[in-house]
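Chemist: What follows is the residue order along each chain.
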Amino acid sequence: MALQKVLGIETEFGILVRGAPEANPIAASSVLINAYVSELARSTPGHPSAPKVGWDFEDEHPGNDARGFAPQGTMAPEVETHLVNAVLTNGARYYVDHAHPELSTPECADPRSIVQWDRAAEVILQRSMVAARRTLPEGQELVIYKNNSDGKGNSYGCHENYLMDRQVPFGRIVAHAIPFFVSRQVFCGAGKTGTEATGSDKASVPFQISQRADFFEEEVGLETTLKRPIVNTRDEPHADAQKYRRLHVIIGDANLSEVATFLKVGTTALMLCMVEDEFLPREWRLAAPIQALRLVSRDLTMRQPLELAEGGSATALEIQWEFFDRAKKYADAFGLDAIGGDEIGGDVLARWEQALVGLETDPTTLASTVDWVAKHRLLEGYRDRHGLDWTDARLAAMDIQYHDLRPDKGLAARVGLERLIGDDDVEHAVAHPPPETRAWFRGECLRRFPEAIVAANWDSLVFDIGGDPLRRVPMMEPLRGTQAMVGSLLDRCATAGELIAALDAAAKS
Amino acid sequence: MAERELKKKQAPAKQDEEVVEDAPQTSDKGDALKAELDDLLDEIDEVLETNAEEFVKGYVQKGGE
Chain A
65 MALQKVLGIE TEFGILVRGA PEANPIAASS VLINAYVSEL ARSTPGHPSA
115 PKVGWDFEDE HPGNDARGFA PQGTMAPEVE THLVNAVLTN GARYYVDHAH
165 PELSTPECAD PRSIVQWDRA AEVILQRSMV AARRTLPEGQ ELVIYKNNSD
215 GKGNSYGCHE NYLMDRQVPF GRIVAHAIPF FVSRQVFCGA GKTGTEATGS
265 DKASVPFQIS QRADFFEEEV GLETTLKRPI VNTRDEPHAD AQKYRRLHVI
315 IGDANLSEVA TFLKVGTTAL MLCMVEDEFL PREWRLAAPI QALRLVSRDL
365 TMRQPLELAE GGSATALEIQ WEFFDRAKKY ADAFGLDAIG GDEIGGDVLA
415 RWEQALVGLE TDPTTLASTV DWVAKHRLLE GYRDRHGLDW TDARLAAMDI
465 QYHDLRPDKG LAARVGLERL IGDDDVEHAV AHPPPETRAW FRGECLRRFP
515 EAIVAANWDS LVFDIGGDPL RRVPMMEPLR GTQAMVGSLL DRCATAGELI
565 AALDAAAKS
Chain B
993 MAERELKKKQ APAKQDEEVV EDAPQTSDKG DALKAELDDL LDEIDEVLET
1043 NAEEFVKGYV QKGGE
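Here the protein sequences line up with chains A and B, keeping their order.
The working numbering puts the first sequence at residues 65 to 573.
The working numbering puts the second sequence at residues 993 to 1057.
Pulled out of the complex, with its shape left as it was, chain A reads as follows (with noise of 0.2 angstroms):
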């Protein structure tokens, strides 16, 4: 049986100083990311604050390759562990990495409790740029836009993360992964004017599906930065390295639509699911991978053929439709528990029949839905209105501005975007951690113990309870720590001290 798709997504964000153009976008990230745990620190007494807790990075392997071997020339991912490095109570991590501001949602168990830690995280940065400007010289301010691109060639990654079990073989992950990343854009791609593409003329493409279809290169690899595959490699499970494999997704836009968030997650989770199953008898060998991933992106149609490498061609959606109806049939045969039980995974199964169905019919009726539909008809209604060519500067600036995350800027906020989470579920998700992962011991024990707590990490905790060397507490286990497996023990201990106490004894015992 598939195992529990623990999920999470790490987004970097773009940042801009407003008033202050040469700026460092290093220093922008500091300051912006500073202001909001300051604030927190102020406002909540006791919360720890970024010097306090610091992420350790003891268990970083960003340059371990899932197949078991690196290729000559590549580059491994650096750990900088100079930068600020936030641990929150609701389980995320809060960072500055590369030159972008960076959040990691917590460990999620299903599709709709991704979306809600995504949206909190949208809400941290929201309150982070207010908590930045009282710190920022008159007149500047702190930008933070939601997208993956800046439309000069420079471009950043909203990654998500899947557990999966060790025992699967890489190889049939990467054979079954590749057709799918390449044609799931259609209905979770964030939607892009112009191309960024090496070679391409930006006027040859007005718009396009996906922010990141131009920068990947190669099928399969372990770079991020550069030469971007379709499947990364990076093995670096953050949990029992005997019982699980993290997949790493590098390909996928930044969604500012809930709908696309959760679809996004939630269809892949069950592909995956039938990786693991061997429920998927066929395998879509694409000819060529790169170009259909960009042939898809350009095709706003979603009629162009990809030549497969039997002979013969598929669509995009004949692609999807088929592994939509390998899901249905799944969920028969197998469940939905692993994605988050029949409500949820009912979920996932219905609305991407309504999203494939709309895709095939009339793309339009998904503008409340689909990021680039509802990008799409903004602009091509400004552009209507205004009389204006696709390469207008201010289309391009629509473009950006639809990521901008000020909620009386951004306009993805004004397109009238369905919602899936209430504000009530988001505000709590903002301080509190999912409690189905071990996210929840980990934000419960920041919340509680700030002060005894001197490292956090995905798979440990290291503890400070004065006069004992420091204790790191493990958590190899993505789905212990639960606020049902360890929520009366911590209700009974009053300090770390007792926690440890506690843990020790359980341990002997």
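Just so you know, these hints were derived from the structure itself, not from any lab.
There's no promise every hint is true.
Capping the alpha-carbon separation at 27 angstroms, the derived lysine-lysine pairs in BS3-like fashion look like this [to be verified]: (1) K473/A to K1049/B; (2) K473/A to K216/A; (3) K473/A to K1026/B; (4) K1026/B to K216/A; (5) K473/A to K1054/B; (6) K1049/B to K291/A; (7) K307/A to K473/A; (8) K216/A to K1054/B; (9) K291/A to K1054/B; (10) K266/A to K1054/B.
With chain A held as given, fit chain B onto it using these hints.
Modeler: Here is chain B on its own, set in the frame of chain A:
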């Protein structure tokens, strides 16, 4: 052979029924969306970046990941 199979799967009987039922709703929804878009376009100039060209030129990011 695979393509023939696909065609069948794409047009299940159930889907046809739904299309018939949904037709008036979809067009209502379409009209409402169109009206919403018109309203949005009426007010959007107040929100848009004032100097689009300069703004786009100034939006430069470092690569990430």
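Chemist: Does each hint fit the structure? Answer for all of them.
Modeler: Hints, verified against the model:
no.: 1; hint: K473/A to K1049/B; verdict: 19 angstroms, holds
no.: 2; hint: K473/A to K216/A; verdict: 22 angstroms, holds
no.: 3; hint: K473/A to K1026/B; verdict: 21 angstroms, holds
no.: 4; hint: K1026/B to K216/A; verdict: 32 angstroms, violated
no.: 5; hint: K473/A to K1054/B; verdict: 23 angstroms, holds
no.: 6; hint: K1049/B to K291/A; verdict: 26 angstroms, holds
no.: 7; hint: K307/A to K473/A; verdict: 46 angstroms, violated
no.: 8; hint: K216/A to K1054/B; verdict: 10 angstroms, holds
no.: 9; hint: K291/A to K1054/B; verdict: 16 angstroms, holds
no.: 10; hint: K266/A to K1054/B; verdict: 20 angstroms, holds
In this structure, the earlier hints numbered 4, 7 are contradicted, and the remaining ones agree with it.
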